[in-house]
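> Heads up: the sequence shown at position 82 corresponds to 82 in UniProt numbering, and the numbers run straight through without jumps.
Heads up, a few of these hints could be off.
[What the hints assert, rightly or not] Simulated DEER-style distance windows between Cβ atoms:
hint, residue 1, residue 2, range
1, 41, 71, 25 to 35 Å
2, 47, 16, 26 to 36 Å
3, 52, 116, 45 to 55 Å
4, 49, 71, 48 to 58 Å
5, 50, 9, 47 to 57 Å
Hints in this document: simulated from the structure, not taken from any laboratory. Note that beta-carbon positions come from the ideal geometry of N, C-alpha and C, so glycine has one too.
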Amino acid sequence: MKSSITSISIFIIMVLFIVFSVHYLKIIDSKLIYSSNQIEKSLDSNSFDKADDFLKQFKINWNKYSNKMTLFTNNNEIDDINLELSELSQHIRFKNKEEALVSINSIRNIINSISDMERLSLQNIF
């Protein structure tokens, strides 16, 4: 009886942790997607100074959350985002709009794929 109570307690704690982590990851993803949308809008309007300011804010958020995201996701995606951020900053610096838009779109797609991989669904469970 005591072992079954312990097992059920551990199971409940695990489920709560999973729900919390998925919810927290959604919050992080929405903040990063919003920041990436601001960068894209600035690039669309050829405002590279604004895009650079938004990129600096994105990097602050990214540095704040990336360590926590490594708990939930594959480190390859984190590395890919870091690489794209480096490229994006150079594209903005040299005012290369097309390449900057490609980089910000890649960053957004990677963030969306992280969210999709960690979402609670039957496909992700089995």
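> Please go over all the hints and tell whether each is borne out by the structure.
Evaluated hints:
Our hint of 25 to 35 Å for residue 41 and residue 71 holds, since their Cβ atoms are close to 31 Å apart. For residue 47 paired with residue 16, a C-beta distance near 44 Å fails the hint of 26 to 36 Å. Take residue 52 and residue 116: their Cβ atoms lie about 30 Å apart, and the range 45 to 55 Å is violated. For residue 49 paired with residue 71, a C-beta distance near 35 Å fails the hint of 48 to 58 Å.
Restraint check, residue 50 to residue 9: a C-beta distance of roughly 52 Å satisfies the suggested window 47 to 57 Å.
The structure is inconsistent with the numbered hints 2, 3, 4, although it conforms to all the rest.
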